[in-house]
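Engineer: Protein chains in written order, with the working numbering: chain A, 1 to 329; chain B, 1 to 329.
Keep in mind the hints are simulated off the structure, nothing from the lab. Careful: at least some of the hints might be erroneous.
The list makes no distinction among identical chains, and a pair is therefore deemed to hold if it is satisfied within one copy or across any two copies.
Here are the simulated DMTMM-like cross-link-like pairs (lysine to aspartate or glutamate), alpha carbons at most 25 Å apart as the crow flies [what the hints assert, rightly or not]:
| id | residue 1 | residue 2 |
| --- | --- | --- |
| 1 | Lys139 | Glu328 |
| 2 | Lys95 | Asp302 |
| 3 | Lys95 | Asp38 |
| 4 | Lys268 | Glu214 |
| 5 | Lys131 | Glu167 |
| 6 | Lys268 | Asp318 |
| 7 | Lys22 | Asp38 |
| 8 | Lys22 | Asp174 |
| 9 | Lys200 | Glu328 |
| 10 | Lys139 | Glu214 |
| 11 | Lys178 | Glu27 |
| 12 | Lys22 | Glu12 |
| 13 | Lys139 | Asp153 |
| 14 | Lys95 | Glu32 |
| 15 | Lys22 | Glu167 |
| 16 | Lys131 | Asp108 |
| 17 | Lys268 | Glu27 |
| 18 | Lys95 | Asp180 |
| 19 | Lys268 | Glu72 |
Now for the letters of each chain:
Number of protein chains: 2
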Amino acid sequence: MTIHAPAVPTIEDVHAAAARIKGHAIETPLLESPALNDRVGGRVLFKPEVLQRTGSFKFRGAYNKISSLSPEERARGIVAYSSGNHAQGVAAAAKLFGIDAVIAMPIDAPAIKRRNVDAMGATVITFDRFKDDRDAVVKSYVDAGRVLVKPFDDPMIIAGQGTIGLELVAQAADLGAKLDAVVSPCGGGGLISGIALAVKALLPSTEVWAAEPENFDDTRRSLAEGRRVANASGFRSICDAILTPEPGEITFEINRRALSGAVAVSEKDTAAAMRDAASHLKLVVEPGGVVGLAAVGSGQIDLSGRCVAVVLSGGNVDLSVYARLLSEA
Amino acid sequence: MTIHAPAVPTIEDVHAAAARIKGHAIETPLLESPALNDRVGGRVLFKPEVLQRTGSFKFRGAYNKISSLSPEERARGIVAYSSGNHAQGVAAAAKLFGIDAVIAMPIDAPAIKRRNVDAMGATVITFDRFKDDRDAVVKSYVDAGRVLVKPFDDPMIIAGQGTIGLELVAQAADLGAKLDAVVSPCGGGGLISGIALAVKALLPSTEVWAAEPENFDDTRRSLAEGRRVANASGFRSICDAILTPEPGEITFEINRRALSGAVAVSEKDTAAAMRDAASHLKLVVEPGGVVGLAAVGSGQIDLSGRCVAVVLSGGNVDLSVYARLLSEA
Numbered sequence: 001m002t003i004h005a006p007a008v009p010t011i012e013d014v015h016a017a018a019a020r021i022k023g024h025a026i027e028t029p030l031l032e033s034p035a036l037n038d039r040v041g042g043r044v045l046f047k048p049e050v051l052q053r054t055g056s057f058k059f060r061g062a063y064n065k066i067s068s069l070s071p072e073e074r075a076r077g078i079v080a081y082s083s084g085n086h087a088q089g090v091a092a093a094a095k096l097f098g099i100d101a102v103i104a105m106p107i108d109a110p111a112i113k114r115r116n117v118d119a120m121g122a123t124v125i126t127f128d129r130f131k132d133d134r135d136a137v138v139k140s141y142v143d144a145g146r147v148l149v150k151p152f153d154d155p156m157i158i159a160g161q162g163t164i165g166l167e168l169v170a171q172a173a174d175l176g177a178k179l180d181a182v183v184s185p186c187g188g189g190g191l192i193s194g195i196a197l198a199v200k201a202l203l204p205s206t207e208v209w210a211a212e213p214e215n216f217d218d219t220r221r222s223l224a225e226g227r228r229v230a231n232a233s234g235f236r237s238i239c240d241a242i243l244t245p246e247p248g249e250i251t252f253e254i255n256r257r258a259l260s261g262a263v264a265v266s267e268k269d270t271a272a273a274m275r276d277a278a279s280h281l282k283l284v285v286e287p288g289g290v291v292g293l294a295a296v297g298s299g300q301i302d303l304s305g306r307c308v309a310v311v312l313s314g315g316n317v318d319l320s321v322y323a324r325l326l327s328e329a
Numbered sequence: 001m002t003i004h005a006p007a008v009p010t011i012e013d014v015h016a017a018a019a020r021i022k023g024h025a026i027e028t029p030l031l032e033s034p035a036l037n038d039r040v041g042g043r044v045l046f047k048p049e050v051l052q053r054t055g056s057f058k059f060r061g062a063y064n065k066i067s068s069l070s071p072e073e074r075a076r077g078i079v080a081y082s083s084g085n086h087a088q089g090v091a092a093a094a095k096l097f098g099i100d101a102v103i104a105m106p107i108d109a110p111a112i113k114r115r116n117v118d119a120m121g122a123t124v125i126t127f128d129r130f131k132d133d134r135d136a137v138v139k140s141y142v143d144a145g146r147v148l149v150k151p152f153d154d155p156m157i158i159a160g161q162g163t164i165g166l167e168l169v170a171q172a173a174d175l176g177a178k179l180d181a182v183v184s185p186c187g188g189g190g191l192i193s194g195i196a197l198a199v200k201a202l203l204p205s206t207e208v209w210a211a212e213p214e215n216f217d218d219t220r221r222s223l224a225e226g227r228r229v230a231n232a233s234g235f236r237s238i239c240d241a242i243l244t245p246e247p248g249e250i251t252f253e254i255n256r257r258a259l260s261g262a263v264a265v266s267e268k269d270t271a272a273a274m275r276d277a278a279s280h281l282k283l284v285v286e287p288g289g290v291v292g293l294a295a296v297g298s299g300q301i302d303l304s305g306r307c308v309a310v311v312l313s314g315g316n317v318d319l320s321v322y323a324r325l326l327s328e329a
């Protein structure tokens, strides 16, 4: 019997990613709102990746992955599947490197995400996120020699997203804050596993929590069962960015050791968190990007007297949808 | 005949303000959008003061002014009149210094502004912005010994707002950008005169442009006539933050020498700029805060091949109004 061990990235990989993306990705600031601090009775530091190039954290991992490709691989082009934010990150990084990119996106992806990918010169093909197998959708392109840039289950992608953790730790220290916990949205787990890798290496006692939409809480249930379990089919959610079928193999290998837990948040709490982000932080955050704040706002993670960093992972929401959710007070 | 010369602040006053507000005000980042750059054919660097403490630049000047008061003056308390952003800046600074504050706000000020001032413990009185004389409204409080913290026509207020200019110049240099012009919203002129003071001292050939709402373009007409002229009465505007009756005496003394010009923007262009800020920058910007981007977007300021900094001065807009303006595509 052989034990299958996935290739888990290390803190050195995250440091290497930070060196690669420097000057290309934005070092997003840490923001806070005295009003929100008062409400939760603790200190909440926000990491607004909505201000990142392409409007989400995904550029970090995509740039790190693509920068590691050989000249031969770059010449053959790349292919990716994505709910939309990874698509934009890959398209932006591919454009910077002058690489041809084919990107498969769900047919129901927000128009803003599709439009931005088109504008960056990538070729878009579509699939049904609730029916089609993603790897099958891109198979012919991979067979033709293109490198598949996975959305989360890849050491270079995870290491790239982990640069957020390095920044978080350094920026909180600059503020004189002791980070008790970090809360991040979680889909396939690339973002939170990268952050956990970095944060746990630097601050071992800091908790890392995942936030997921209700009915798409595969990481929460997988942590409880100690093995990867998939989401039930048939559900819908406004959190289009983080509706993955199940945790990644590599990401879960990291998360099952590093996370303190995961919480599921309702659509109502998600919309309320979008309104709080607009009112108190002046940030446009998409549903899937705001679930960390929703988790904090719903009282599921204890904040009293503690300092917690919340990652706002993306802001690519159609204005018509956004306006509707802001109005539902 | 004596020539009346207003007490104009100097670049040294701006440097002193920067030292005072350090660690209290946020050094807001410079942001840019490749998509917006492509559209205008130049490079636009945004200074998002919506991310400043209290959601607008006003905290800078208010903190600088209040920090300069003597212990005796602080003990007597302060009074201010404001359309809402200065009110929040003053209330926040007063709270930090433990000073009693009375603030007169227009009866039609956005609810978010009134709510935030209340939450910071200031006493609010109201007035009619289209009828009442602002100085008369606060006269009894001044007579009782309170220091009046003016919204713009005060050297310490202007110097505080000017710290944005210092940051802009340093941050643009960090990006390797040569600043051809700076565009800023303009009401009474405290923000833009402070910025002009700083920018012109450091980069004499950089242009500084004011953006105003149509029918409230008193600075544009004053520059054309070479003397301060008031706005006609009877008009309304969504840009509540910058509807002042006429330019300040001190601010105009600076602006008439330092500005390259001023442009008036329509409500339609203002709403479009709010949508652009949400889509491309992920920032919630209030109508009066976004007129600089509206001026750039309307083509009234030439950007082709140039690098222009645009100040987004505030983001305190009621969500119901914001949602309506986002939907008017």
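Engineer: Each hint needs a verdict: does it hold in this structure or not?
Structural biologist: Going down the list of hints, with the structure as the test:
1. In this assembly of identical chains, the alpha carbons of Lys139 and Glu328 never lie at most 25 Å apart, being 42 Å within a copy and 42 Å across copies at closest.
2. In this assembly of identical chains, the alpha carbons of Lys95 and Asp302 never lie at most 25 Å apart, being 43 Å within a copy and 28 Å across copies at closest.
3. Proximity of Lys95 to Asp38 under the C-alpha cut-off of 25 Å is restricted to the inter-copy arrangement: shortest distance 14 Å between copies versus 44 Å within a copy.
4. When the C-alpha separation of Lys268 and Glu214 is checked against a cutoff of 25 Å, the pair qualifies only within one copy, where the shortest distance is 11 Å, while the shortest distance between copies is 40 Å.
5. With identical chains, the CA atoms of Lys131 and Glu167 are never at most 25 Å apart, being 38 Å at best within one copy and 51 Å at best between copies.
6. Taking CA atoms no more than 25 Å apart as the test, Lys268 paired with Asp318 passes in both settings, with 18 Å inside one copy and 20 Å between copies.
7. Proximity of Lys22 and Asp38 under a CA criterion of 25 Å is satisfied inter-copy only: 23 Å between copies versus 35 Å inside one chain copy.
8. Taking identical chains as interchangeable, the C-alpha atoms of Lys22 and Asp174 lie at most 25 Å apart whether they share a chain (19 Å) or sit on different chains (14 Å).
9. In this assembly of identical chains, the alpha carbons of Lys200 and Glu328 never lie at most 25 Å apart, being 38 Å within a copy and 46 Å across copies at closest.
10. For the homomeric pair Lys139 and Glu214, neither the shortest alpha-carbon distance inside one copy (31 Å) nor that between copies (56 Å) is at most 25 Å.
11. Taking the closest pair of Cα atoms, Lys178 and Glu27 come within 25 Å of each other both inside a single copy (20 Å) and across two copies (21 Å).
12. Only within a single protomer do Lys22 and Glu12 lie at most 25 Å apart by alpha-carbon distance; the minimum there is 15 Å, versus 35 Å between protomers.
13. Taking CA atoms no more than 25 Å apart as the test, Lys139 paired with Asp153 passes inside one copy only; the shortest distance there is 17 Å, against 66 Å between copies.
14. For the homomeric pair Lys95 and Glu32, the shortest alpha-carbon distance between copies (17 Å) is at most 25 Å, but the shortest distance inside one copy (34 Å) is not.
15. For the identical chains of this complex, Lys22 and Glu167 are neighbours both inside a copy (11 Å) and across copies (21 Å), given an alpha-carbon limit of 25 Å.
16. In the homo-oligomer, the alpha carbons of Lys131 and Asp108 lie at most 25 Å apart inside one protomer (12 Å), although the nearest pairing across protomers, at 52 Å, exceeds that limit.
17. Taking identical chains as interchangeable, the C-alpha atoms of Lys268 and Glu27 are never at most 25 Å apart, the minima being 31 Å within one chain and 34 Å between chains.
18. Taking the closest pair of Cα atoms, Lys95 and Asp180 never come within 25 Å of each other, the shortest separation being 39 Å inside a single copy and 27 Å across copies.
19. Within a single copy, Lys268 and Glu72 get their C-alpha atoms no closer than 48 Å, and across copies no closer than 50 Å, so neither meets the 25 Å cut-off.
Of the numbered hints listed earlier, those contradicted by the structure are 1, 2, 5, 9, 10, 17, 18, 19.
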